[in-house]
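Below are the chains, spelled out letter by letter.
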Amino acid sequence: MAANFWTSSHHKQLLDQEEVDVVHPLDKERGITLDDFKLIKMHMATYIWRLAQFVKVRQRVVATAVAYMRRVYTRKSMTEYDPRLVAPTCLYLASKAEESTVQARLLVFYLKKLYADEKHRYEIKDILEMEMKILEALNYYLVVFHPYRALSQLLQDAGLNDISMTQLTWGLVNDTYKMDLILVHAPHLIALACLYIASVLREKDTTAWFEELRVDMNVVKNISMEILDFYENQRMITDDRIIAALSKLKP
Amino acid sequence: MLRSQPISWDSKMGDGNSGSNRTLSGNNNNSSNKPEWLQQYDLIGKIGEGTYGLVFLARIKSPTTNRGKSIAIKKFKQSKDGDGVSPTAIREIMLLREISHENVVKLVNVHINHADMSLYLAFDYAEHDLYEIIRHHRDKVNHSISQYTVKSLLWQLLNGLNYLHSNWIIHRDLKPSNILVMGEGEEQGVVKIADFGLARIYQAPLKPLSDNGVVVTIWYRAPELLLGAKHYTSAVDMWAVGCIFAELLTLKPLFQGAEVKAPPNPFQLDQLDKIFKVLGHPTPEKWPTLPNLPHWQQDLQHIQGHKYDNTGLNSVVHLSTKSPPYDLLSKMLEYDPRKRITAQQALEHEYFRIEPLPGRNALVGPSVEKVVNYPTRPVDTTTDFEGTTSLQPSQPVSSGNAVSGSMPGTHGGTMRSVPRQMAVGGMQRMQPQGMPAYNLTSQAGMGVGMNPSGIPMQRGVSAQTHQQQQQQLRRKDPAMGMAGYPPQQKSRRM
Numbered sequence: 001m002a003a004n005f006w007t008s009s010h011h012k013q014l015l016d017q018e019e020v021d022v023v024h025p026l027d028k029e030r031g032i033t034l035d036d037f038k039l040i041k042m043h044m045a046t047y048i049w050r051l052a053q054f055v056k057v058r059q060r061v062v063a064t065a066v067a068y069m070r071r072v073y074t075r076k077s078m079t080e081y082d083p084r085l086v087a088p089t090c091l092y093l094a095s096k097a098e099e100s101t102v103q104a105r106l107l108v109f110y111l112k113k114l115y116a117d118e119k120h121r122y123e124i125k126d127i128l129e130m131e132m133k134i135l136e137a138l139n140y141y142l143v144v145f146h147p148y149r150a151l152s153q154l155l156q157d158a159g160l161n162d163i164s165m166t167q168l169t170w171g172l173v174n175d176t177y178k179m180d181l182i183l184v185h186a187p188h189l190i191a192l193a194c195l196y197i198a199s200v201l202r203e204k205d206t207t208a209w210f211e212e213l214r215v216d217m218n219v220v221k222n223i224s225m226e227i228l229d230f231y232e233n234q235r236m237i238t239d240d241r242i243i244a245a246l247s248k249l250k251p
Numbered sequence: 001m002l003r004s005q006p007i008s009w010d011s012k013m014g015d016g017n018s019g020s021n022r023t024l025s026g027n028n029n030n031s032s033n034k035p036e037w038l039q040q041y042d043l044i045g046k047i048g049e050g051t052y053g054l055v056f057l058a059r060i061k062s063p064t065t066n067r068g069k070s071i072a073i074k075k076f077k078q079s080k081d082g083d084g085v086s087p088t089a090i091r092e093i094m095l096l097r098e099i100s101h102e103n104v105v106k107l108v109n110v111h112i113n114h115a116d117m118s119l120y121l122a123f124d125y126a127e128h129d130l131y132e133i134i135r136h137h138r139d140k141v142n143h144s145i146s147q148y149t150v151k152s153l154l155w156q157l158l159n160g161l162n163y164l165h166s167n168w169i170i171h172r173d174l175k176p177s178n179i180l181v182m183g184e185g186e187e188q189g190v191v192k193i194a195d196f197g198l199a200r201i202y203q204a205p206l207k208p209l210s211d212n213g214v215v216v217t218i219w220y221r222a223p224e225l226l227l228g229a230k231h232y233t234s235a236v237d238m239w240a241v242g243c244i245f246a247e248l249l250t251l252k253p254l255f256q257g258a259e260v261k262a263p264p265n266p267f268q269l270d271q272l273d274k275i276f277k278v279l280g281h282p283t284p285e286k287w288p289t290l291p292n293l294p295h296w297q298q299d300l301q302h303i304q305g306h307k308y309d310n311t312g313l314n315s316v317v318h319l320s321t322k323s324p325p326y327d328l329l330s331k332m333l334e335y336d337p338r339k340r341i342t343a344q345q346a347l348e349h350e351y352f353r354i355e356p357l358p359g360r361n362a363l364v365g366p367s368v369e370k371v372v373n374y375p376t377r378p379v380d381t382t383t384d385f386e387g388t389t390s391l392q393p394s395q396p397v398s399s400g401n402a403v404s405g406s407m408p409g410t411h412g413g414t415m416r417s418v419p420r421q422m423a424v425g426g427m428q429r430m431q432p433q434g435m436p437a438y439n440l441t442s443q444a445g446m447g448v449g450m451n452p453s454g455i456p457m458q459r460g461v462s463a464q465t466h467q468q469q470q471q472q473l474r475r476k477d478p479a480m481g482m483a484g485y486p487p488q489q490k491s492r493r494m
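In the order they appear, the protein sequences are chains A and B. Numbering (the working numbering) for the first sequence: 1 to 251. Numbering (the working numbering) for the second sequence: 1 to 494.
The set of hints was computed from the structure by calculation and includes no laboratory data. Heads up, a few of these hints could be off.
To be verified - Computed list of lysine-lysine pairs in DSS-like fashion (alpha-carbon distance at most 25 Å, straight line):
1. Lys133(A) <-> Lys77(B)
2. Lys28(A) <-> Lys12(A)
3. Lys221(A) <-> Lys133(A)
4. Lys178(A) <-> Lys38(A)
5. Lys230(B) <-> Lys56(A)
6. Lys77(B) <-> Lys125(A)
7. Lys274(B) <-> Lys286(B)
8. Lys322(B) <-> Lys277(B)
9. Lys248(A) <-> Lys12(A)
As the list claims (entries may be wrong) - Sample of chain A residues lacking proximity to chain B, with all beta carbon distances greater than 12 Å (derived):
10. Val20
11. Thr33
12. Pro83
13. Glu203
14. Asp205
For each residue, glycine too, the CB sits at the ideal point set by N, CA and C.
Turn these sequences into a full structure, and let the hints guide you.
Structure representation (structure tokens):
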């Protein structure tokens with residue numbers, strides 16, 4: 001349902017991590033490894049976010065755009081669907097779906113501003129063509145649920161809705177879009193994992209509160225571990241590695 | 001690279017390009033030039049035209065499944081401003097792809113033609129709509145719509161609307177031409193709510209609901225909208241249902257205001273005046289938030305310019321003030337949106353529990369004395385999918401019914417600038433006696449399909465719905481935790 005996660009296409013389409021971590025054969029041919037694959041998606045999530053700052057759309061639009069981008073690459077190759085075009089187009093499509101339409105020409109203007117090099121020379125026509133391909137690749141499923149809504153409700157319920165906790169957990173949720181969590185887990189579980197990490201970091205005792213929830217704490221803790229692992233690994237990511245991965249796509 | 005490929009998700013649409021070229025119109029002879037997906041259909045002709053694009057009638061020509069099944073294909077024009085797929089189309093696809101209900105139009109396919117960047121939505125075809133049914137009774141048969149038919153149409157409309165509202169969707173543009181009724185076949189007389197181009201998910205709007213332009217055709221527009229409310233609720237749809245109910249009874253639009261066209265979002269004084277004339281002026285006593293509405297503040301002199309003494313809804317609709325239909329109607333036309341009856345409450349109203357009981361086939365039932373043969377939709381067979389006209393003479397396409405009302409081509413009075421669509425496939429049976437399933441709290445659990453009415457939704461376990469989530473997560477008792485919560489629209493209004 002459009003407003004009920006459990007009956008939504010989003011819920012029905014949740015994947016196992018192993019299904020998400022499949023490099024398309026065409027990309028493999030070009031030497032893209034699983035690490036490269038993840039790295040490029042992470043880079044593109046950041047790219048969408050930076051672009052969104054220019055065109056001034058809300059965080060939910062960014063989150064939806066990133067979810068679209070990640071969904072596309074569970075089905076399509078980066079070789080055929082260049083991430084550097086897919087990413088801005090996902091933002092374009094998400095802005096329509098989330099009722100904050102951004103004009104294509106504005107997007108193209110900032111695209112050129114952000115990346116002056118040849119490989120990012122995309123015109124309005126390219127965006128519009130890719131928009132239709134993305135609609136197709138998404139199988140026309142456009143509703144995406146995000147952890148933000150659940151997060152604010154949960155913070156309030158746990159009595160942790162002070163500014164410090166709110167900012168920390170919100171930032172954690174933003175960072176989860178650098179990973180594939182939104183393709184694998186229900187949004188409220190992602191929110192709970194972020195809340196869990198934040199409460200440990202800020203030394204808030206939430207044990208009793210979590211115990212009262214009717215959720216599988218193992219899942220929440222596993223998501224939390226994934227997030228912490230991500231932060232750990234992220235330190236070792238350099239621009240060179242990202243450039244190297246991207247250059248395999250367009251030598 | 002990608003080619004244009006048909007996608008087919010739930011109906012067995014077949015592979016399209018095989019089978020005989022059984023065309024009924026003369027312009028399909030160049031089928032080799034058509035995109036592959038289009039070759040699975042025989043184009044019959046154009047049945048509607050609007051600002052968004054065109055609507056065509058087609059038949060499936062797959063030799064194995066659904067052969068001959070009628071499909072309405074809505075083609076969205078490429079936007080002129082160079083901004084790709086129209087946000088209206090995006091919104092309609094987004095919602096229709098998620099929802100499934102017997103009384104909501106069914107989207108069977110989406111096609112993209114990459115060559116000219118056009119987008120096609122394929123729906124199950126519905127032969128009739130309330131606009132045409134009402135018009136036929138008013139202009140052709142000269143007698144009112146039978147009580148059974150009115151009640152069945154209204155019940156099914158409310159049933160579909162209750163489903164939408166339970167899922168936080170406001171339709172925002174309910175009017176007779178958007179309420180479709182299935183023609184001959186297994187689903188004869190089943191109502192399908194159509195045209196979701198203006199529909200909104202109102203659970204968590206990023207912008208005030210009033211932000212994206214005009215909503216609801218003025219005659220069916222709720223008073224809070226006319227008075228400039230910025231945030232509004234599912235109650236706007238219930239007002240429209242009230243207007244439609246009255247129109248089904250009298251065959252005349254209830255509040256026929258003259259629309260002010262400019263500037264954008266103008267104050268529609270005449271429409272309000274038409275309402276006041278029948279219902280009297282609203283008062284802050286009966287509608288406490290009334291003084292907060294922009295136009296009530298700014299245009300009070302105009303609004304109260306006329307004094308209406310002998311107001312009376314009952315005399316307009318010719319119903320006794322004590323009769324159940326009058327009681328239901330007056331609750332739909334309640335000024336204060338917070339007090340206005342909800343779709344769920346309306347389904348439980350006494351009106352639906354007294355004879356004649358509503359049925360699934362609204363057009364034919366035990367208590368219908370004279371079954372009316374409604375005309376089939378006029379089809380302009382001179383166009384192709386590009387909307388270009390060939391030299392073929394227009395001819396009405398009849399499926400056996402009378403075609404008395406059909407106009408030649410698209411330029412007759414029947415071709416309104418509103419989408420004329422389509423309908424559906426589901427096979428759920430409705431329960432004619434006031435939908436007891438909606439009252440049960442014990443079965444709304446995790447599983448789709450546990451609901452006896454066959455409605456695949458759960459109210460109780462939505463992780464995304466406000467308080468419900470907390471309540472749900474908090475339950476330790478599994479039996480309690482599985483219980484459904486009825487939708488709480490009333491408490492969330494405004």
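Checking one constraint from the list: CA of Lys133(A) to CA of Lys77(B), max 25 Å. Satisfied?
17 Å, holds
Given pair status - Lys12(A), Lys28(A), alpha carbons within 25 Å:
28 Å, violated
For Thr33(A), is the shortest beta carbon distance to chain B beyond 12 Å?
25 Å, holds
Are the Cα positions of Lys274(B) and Lys286(B) separated by 25 Å at most?
19 Å, holds
Would you mind confirming whether the straight-line C-alpha gap from Lys248(A) to Lys12(A) stays at or under 25 Å?
34 Å, violated
Hint check: Lys230(B) vs Lys56(A), CA-CA at most 25 Å. Holds or violated?
Holds, at roughly 23 Å.
Please verify whether Lys77(B) and Lys125(A) have alpha carbons no more than 25 Å apart.
Measuring from Cα to Cα gives roughly 16 Å; hence the hint holds.
Distance restraint between Lys322(B) and Lys277(B), which requires alpha-carbon spacing of 25 Å or less
Cα-Cα ~21 Å, so holds.
Cβ separation check - Val20(A) to all of chain B, threshold 12 Å:
21 Å, holds
Assertion that Pro83(A) lies outside the chain B interface [Cβ separation over 12 Å]
16 Å, holds
Once the closest CB in chain B is found, is it more than 12 Å from Glu203(A)?
23 Å, holds
Does Lys38(A) lie within 25 Å of Lys178(A) when you go C-alpha to C-alpha?
With Cα atoms ~9 Å apart, Lys178(A) and Lys38(A) stay inside 25 Å; holds.
Hints 2, 3 and 9 from the earlier list are contradicted by this structure; the remaining hints agree with it.
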